Amino acid sequence: MSPPLSARSSDLPDNAYAAAISALPDMTPMRLLRLLRDRAGGEVYERLLAGDAGLAELLVGDAVLHLGRERSVRLAAARELVRWWSSELAGAPASKIWGELRSAGATVVRYGDGSYPSKLGRLEFPPELLYVHGDLHFAEAPTVAIVGTRRATHYGIGVAEELGAELAARGACIVSGLALGIDAAAHAGALARRREDAGPLAVVGGGLDVVYPERSRSLWARVRSTGAVTSEAPLGARPLGWRFPLRNRIIAGLSDVIVVVESSRQGGSMHTAEAGNGIGVPVLAVPGSIRSAQSEGTNWLISQGGAHLALDVEDVLAAVALVAGPLALRLFEPEVRGARPGVRGARPGVRGARPGVRGARPGVRDRPDRLRREEAERLLAARSTTERAVYELLGDEEIHVDVICERTSLQLGQVVMALDRLAEAGLAMSYASGWVRA
Amino acid sequence: MIASVSSATLLGVEGRRVLVEVHVSNGLPGFTIVGLPDAACREARDRVRAALLSSGLPWPLRRVTVNLAPSGLRKAGSGLDLPIAVGLLLAVGELDARTVADCGFIGELGLDGTIRSVPGVLPLVAAIRSSAIVVPPAGVIEATLVGGPAVRSVRTLSELVGALRGQVPWPALASLTPARHEAIGEDGSGGGLRGEAPSRVPDLSDVRGQAIGRAAVEVAAAGGHHLVLSGPPGSGKTMLAERIVGVLPPLPRFEVLETCRVHSAAGLPLPEGVLAGQPPFRAPHHSASAVALLGGGSSWLRPGEISLATNGVLFLDELPEFPVPVRESLRQPLEERVVRIARARASVCLPAAFLLVAAMNPCPCGEGGRGGACSCSAAQLERYARRLSGPLLDRFDLHVAVSRPRAHELFSTSKGEESEVVASRVAAARALSRSRGFATNARVPSHRLDEIVKLESKARAMLERRLASSELSARGLDRIRRVARTLADLQGEEGPVRAEAVATALELRPGRRALLADPGCAA
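Taken in sequence, the protein lines are chains A and B. Letter by letter, the first sequence follows residues 35 to 472 in the numbering used here. Letter by letter, the second sequence follows residues 1285 to 1807 in the numbering used here.
Because the hints were derived from the structure by calculation, they are not lab data. These figures come from a predicted structure and were not determined experimentally. Just so you know, even glycine gets a beta-carbon here, dropped at the ideal spot from N, CA and C. Careful: at least some of the hints might be erroneous.
Some residues of chain A that are not near chain B, with every Cβ distance over 10 Å (derived) [stated by the list, open to error]:
(1) Arg-105
(2) Ser-129
(3) Asp-147
(4) Gly-215
(5) Arg-277
(6) His-305
(7) Gly-314
(8) Asn-333
(9) Ser-418
(10) Gly-447
(11) Gly-468
So the derived list for chain A, only partly shown, Cβ under 7 Å to chain B, looks like this [stated by the list, open to error]:
(12) Arg-184
(13) Arg-185
(14) Phe-366
(15) Thr-420
(16) Asp-430
(17) His-434
(18) Val-435
(19) Val-450
(20) Asp-454
Let the sequences and hints guide you as you build the complete structure.
So this is what it looks like as structure tokens:
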């Protein structure tokens, strides 16, 4: 059966047809791969439109399609699927899908295209098609995934932010998933210290036009405008649970190094780490308290040999240097070009990385936390004894004002005044249920 | 033969005067009630007949028509039994019209002639405006509170007829009322309001530690600021909320009357504490329906919990567990301090001037996202946060995280400051606020804030810094200024508000970010 000639028009690029196929209902990344692998989008499109039964043969192995039943049952199901898709394609032809993509400002990159991130080739099943907002070429620079739980602690948020900022200031591309918690903190840190020649990269679970979670909207927009937001899911796709493990494999595939900051044993970041280990991407994990549920996964990774220790940015840089080779050299350049002053003025120690000093004194590590301690001590010297007494009680975990009143035997008014001055000096921060050290 | 008797019916918490007209004429024996009676009211016929007969009084075997005027007003309940019976006795000549001149009647009749109580005696008596009033024994206290008409009461219909005919004296009121109300004078003056020990309100001195929680209670009471307490289970949120009543100033007489009127209209006994001037405390469970909370119902329009809490405290424990429509329906009463209930046949306006105190857990499991202890998933936490955001939470001036008390605090023998001491500061602060022309600081409108809440330069700088870092919104700023004013008033400072008050107000403020709430927090 020959397809009608009108099905393809010469103004549409071949990726438009691939996009139309990927936007079909019940299309999964695996089915898309089976259909499109080594075939032109237009060709598959025409065959689908014509209801070509030959396509059903390609889908027979699909895991969701009555796997385990005899081949004839699965083939029948596959044919049914092709028939359904054929009618669906008639309603949403490539020209319409392409128009929607253009108006959403999104582009489509297909496996084998020049702009397709080369690192993804390491995956067993690289995404056949990626929807992109922004510029994917940043992925060719050294890339570091910083991932972790959505339910992060102050400790995790602080570390993720610091790593994101330190690495971004050196020109690394921070890859993450734009979830709340660790993901968001890593990107917020990276954006605060971004270098002009590098940009952040986000891989999201749903369609590019479905911002999730809603509270990340502004962060999402900033990542998109300075780097790229990408997804395997077509426009309008809901961020359903099954998409996230697949999304995590793309994060792993895009990265030279994966850093898990905080994760529970069952967290999605464990998938990312697993995917990374599967394709030989070094995985690092930030250790945490053995009593913290949020560090259970990272501590477990370290103890089981699934991850190396990440005690500071130097550890991450060393890992990048091992895998990225000459590309990683830029990370060790003495001058940080184009670094913008940190938005978090509250964290003086993070600013002004001193790579030169590091090179000169091997063994003595100018760790950011030590720098921060020194800076805090300098600032504290100017504070009153009351403020110093209050500061001594603050830490990584939120502490309630009642407790400060009790431990210092100060009146509520004195304590809140001291806390306010500490906050002004950038030494303390308040949250809903208490205060922490900034 | 025609007779008319004064009575009243209840609409919301207000009484409406009703004239009961009874006409007895020759014709086929029958009994008709006209003038929009509801079901209970229409059944009066059978109760009245049985009561008359069992009291040894005649039932006319003639045509009887009862009209309840004004005839366009719906009459609800059984309180018109007694006036119908009296009207009937007048119409058949058993009683002399002069004996009931300028006298009102309220009461339900039992089949044996007993006079039973009805809800709303207080507003009903107030509505009749006659010089004397006959009420059921249980309604004596409420009737005397009105302070106008001479109150009379009898136990049965035959006693009433004897007293009206002058054959027996009216029974002494004290003999009719329960022992605890013996203080009421024969003329009904002043009784009930004095000489009563207020029901015991738990004292603030039982609360150990909790500097912030105690400050919040004091500020809420002094400034009329609505308060949310959030904290893990067992941190003492309910304990604090229950003690607010003890630090509020005693109610003036007209507020006692208003609150009593609502209780009376709801058919509830008058709370002894309220009679003694103590603000009411209502704590409806979160399974309460919107009607139970706001008031309503198909025929009676019963006042709801928010009206019962008027001039006092409405405590909503587990605020997020209240269904969204119920929570959102609180917005209008919070704004207008009355609740309007419209039905097809009637619309009423019930008082709802309450101080809202709510308590909630920081997350569904209560542990507030703390590592290890909290077992909520990220999605649960997010849903919970979203459930709480929104316009209702905007009505709270104070949002306080309560900490769980430490073990040594629980065992310590040292007590906190007593309610009495706090109450005196609260009363002084309220006096300052009244001297500026506002009952409470929470009710200072935004456009008057600049004039009423002047800030010292350091205090201003503190707020400006937070506005610049958009840690504080314009609306949040207004709230902080009102609360800071209250804090200064509590210190007895009338001048510009000092930085310490502002810093404390900031610590008590709502809408502070939670750790997981704001992904872009660093930027």
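Hints and how they fare:
no. : hint    : result
1   : Arg-105 : holds (40 Å)
2   : Ser-129 : holds (37 Å)
3   : Asp-147 : holds (32 Å)
4   : Gly-215 : violated (6 Å)
5   : Arg-277 : holds (15 Å)
6   : His-305 : holds (15 Å)
7   : Gly-314 : holds (30 Å)
8   : Asn-333 : holds (12 Å)
9   : Ser-418 : holds (14 Å)
10  : Gly-447 : violated (4 Å)
11  : Gly-468 : violated (7 Å)
12  : Arg-184 : holds (4 Å)
13  : Arg-185 : holds (5 Å)
14  : Phe-366 : violated (26 Å)
15  : Thr-420 : violated (13 Å)
16  : Asp-430 : violated (10 Å)
17  : His-434 : holds (4 Å)
18  : Val-435 : holds (5 Å)
19  : Val-450 : holds (4 Å)
20  : Asp-454 : holds (5 Å)
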